[in-house]
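Residue numbers (the numbering used here), protein chains in the order written: chain F, 1 to 193; chain A, 1 to 288.
If you're looking for bench data, these hints aren't it; they were derived computationally from the structure.
Certain hints may be false.
Unchecked claim - Pairwise CB distance ranges (calculated):
id	chain 1	residue 1	chain 2	residue 2	range
1	F	Asp26	A	Lys68	28 to 34 Å
2	A	Tyr245	F	Leu138	39 to 45 Å
3	A	Lys158	F	Lys169	34 to 40 Å
4	A	Gln169	F	Ser123	19 to 25 Å
5	F	Leu138	A	Gly288	46 to 52 Å
6	A	Glu285	F	Tyr181	30 to 36 Å
Stated by the list, open to error - Pulled from the structure, derived: some chain A residues nowhere near chain F, Cβ distances all over 10 Å:
id	residue
7	Cys41
8	Ser95
9	Arg101
10	Glu135
11	Ser214
12	Lys217
The beta carbon of each residue, even a glycine, is placed where N, CA and C say it ideally should be.
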Amino acid sequence: MQIKLDNSVDKFAGEIESLSGFNVYDCYQCGKCTAGCPVAQFTDESPTKLLRLIQLNQKDQVLKSKTPYLCATCNTCSGRCPMQIDVTKIMETIRIYAKKNHIKPPVQEVNTFSDVFLDSVHSGGRLFEFGMTLNYNLKNMTPFLNAQLAPAMLKVGKLSFIRQKTKNKKRLKDIFDKSDYFEPKEEVSKKEH
Amino acid sequence: MTYGYYPGCSLHATAKEFNISMRAVCKAFNIELTEVEDWNCCGATPGHTTKEELGLALPYSNLINASKQGLDNIVAPCAACYNRLKSADYSVNNSPLVKERMSQIIGEEKQRDVKIFNVLEFFRDVYGLDKLKSEVKKPLSNLNAACYYGCLLVRPSKVLQFDDEEDPQSMDQIMQTLGAKTVDWSSKTECCGGSHAIPETEIVLELARRIFSSAVKAGADCIVVACPLCHSNLDMRQKQINARYGTNFDLPVFYITELIGLALNISPKDLGMNAHFVDTKIVIEKIG
Chain F
1 MQIKLDNSVD KFAGEIESLS GFNVYDCYQC GKCTAGCPVA QFTDESPTKL
51 LRLIQLNQKD QVLKSKTPYL CATCNTCSGR CPMQIDVTKI METIRIYAKK
101 NHIKPPVQEV NTFSDVFLDS VHSGGRLFEF GMTLNYNLKN MTPFLNAQLA
151 PAMLKVGKLS FIRQKTKNKK RLKDIFDKSD YFEPKEEVSK KEH
Chain A
1 MTYGYYPGCS LHATAKEFNI SMRAVCKAFN IELTEVEDWN CCGATPGHTT
51 KEELGLALPY SNLINASKQG LDNIVAPCAA CYNRLKSADY SVNNSPLVKE
101 RMSQIIGEEK QRDVKIFNVL EFFRDVYGLD KLKSEVKKPL SNLNAACYYG
151 CLLVRPSKVL QFDDEEDPQS MDQIMQTLGA KTVDWSSKTE CCGGSHAIPE
201 TEIVLELARR IFSSAVKAGA DCIVVACPLC HSNLDMRQKQ INARYGTNFD
251 LPVFYITELI GLALNISPKD LGMNAHFVDT KIVIEKIG
């Protein structure tokens, strides 16, 4: 792989630092995050390598990687990082950054799932599992995905067709309308280590 | 004793036996559960991976409701709900900037502290192991349980402040108090893939396969969980895993509350155990 070093352009690492609240240059590439990552075998770039690509401001390559989307946010990496970098937070930051900037996600299915899940919550306050799954299959154009589970779920009463809704509509609307992509953070340099 | 109760969305659908068994056990212990009024979804993984503030405001809204109701504590059986409620509480308590944003978004503030417990914490620390032991009518001897904690009950430990994130013991202690043996195994806190079940099913099948294979190797005859996502990935998809990998796993997966219920001699039906995909008969017969 060839990497063009060009630190003069946009300083992607700095953006990720201020958005995530963690200094990616703290990473010295020990590989512990990758060693414990349950989905490492499914990813294109290991978490360790993704961190390195961020350090080198390789924005395009980072945003093309499937890794942040396949991350199950299990937090194993964050708990084990010897430099206390919240690696899971970095993965989330990349996903949210791409979403905010309308960058096409490399794993559309994961974003579609998040979208239909949140649409369901947005419209009723509570998740309607059955409706969400149908919606996912329609949007993803996989009409029979997971349909093999349906008869057995129906038999044991795990498919609920009753839609529960919350009463405080204004609260719900405010939460969805006013929530921003990133929460405000202290500057990393001011943080206590 | 009265405690606040945050069931969350899953406990009314795919995890209905978690709700049924939790309520049955609390009733037997004379614990009154008061549902958080007009609670909303915690946002789960889609919330905090789509918009950070949404991932905080959704759970925080429930803490505001609980505080208005005068609840000092709430128990959240679903591990994902527990994790999100704790995360929101932690962020607000540790960042004045986040606190200000939450009151701008929701227009209200929390009026008092509300402690958040998961079920393991609730039965081990709040109810207490001694009391639990004195209530056991039918010890779960002969049972070799693999206690599976997954991710959301133990990580991030800085936020949850609950159990050891690499080798947690709380569920093992509860199971031992009920008279069961717990196996030493390597997948206690491995991830099952969680919410990837729908968009990335292949990942979940592989991660669950690893968990089953290490439980079988350790000599377990069942897996115990305290999370609806872990339960559905391990119980509902076990047949799919066998078909995918040519394995023949046949391991019942129990919610911890179901096993507490069995030890109290509550009937499996009253614990909602007819809703399992993998037959629980072998284990129930073993308990006798």
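For each hint, the structure was consulted:
1. F:Asp26 / A:Lys68: 28 to 34 Å: violated, 41 Å
2. A:Tyr245 / F:Leu138: 39 to 45 Å: violated, 30 Å
3. A:Lys158 / F:Lys169: 34 to 40 Å: holds, 35 Å
4. A:Gln169 / F:Ser123: 19 to 25 Å: Given about 42 Å between the Cβ atoms, the range is violated.
5. F:Leu138 / A:Gly288: 46 to 52 Å: holds, 49 Å
6. A:Glu285 / F:Tyr181: 30 to 36 Å: At 53 Å between Cβs, range violated.
7. Cys41: The assertion about Cys41 (chain A) is violated, with a minimum of 4 Å to chain F.
8. Ser95: violated, 8 Å
9. Arg101: violated, 6 Å
10. Glu135: At about 28 Å from chain F, Glu135 (chain A) clears the 10 Å cut-off, so the statement holds.
11. Ser214: holds, 13 Å
12. Lys217: Per Cβ check, Lys217 (chain A) is outside 10 Å of chain F; nearest 18 Å; holds.
Against the hints set out earlier in the document, violations occur for numbers 1, 2, 4, 6, 7, 8, 9.
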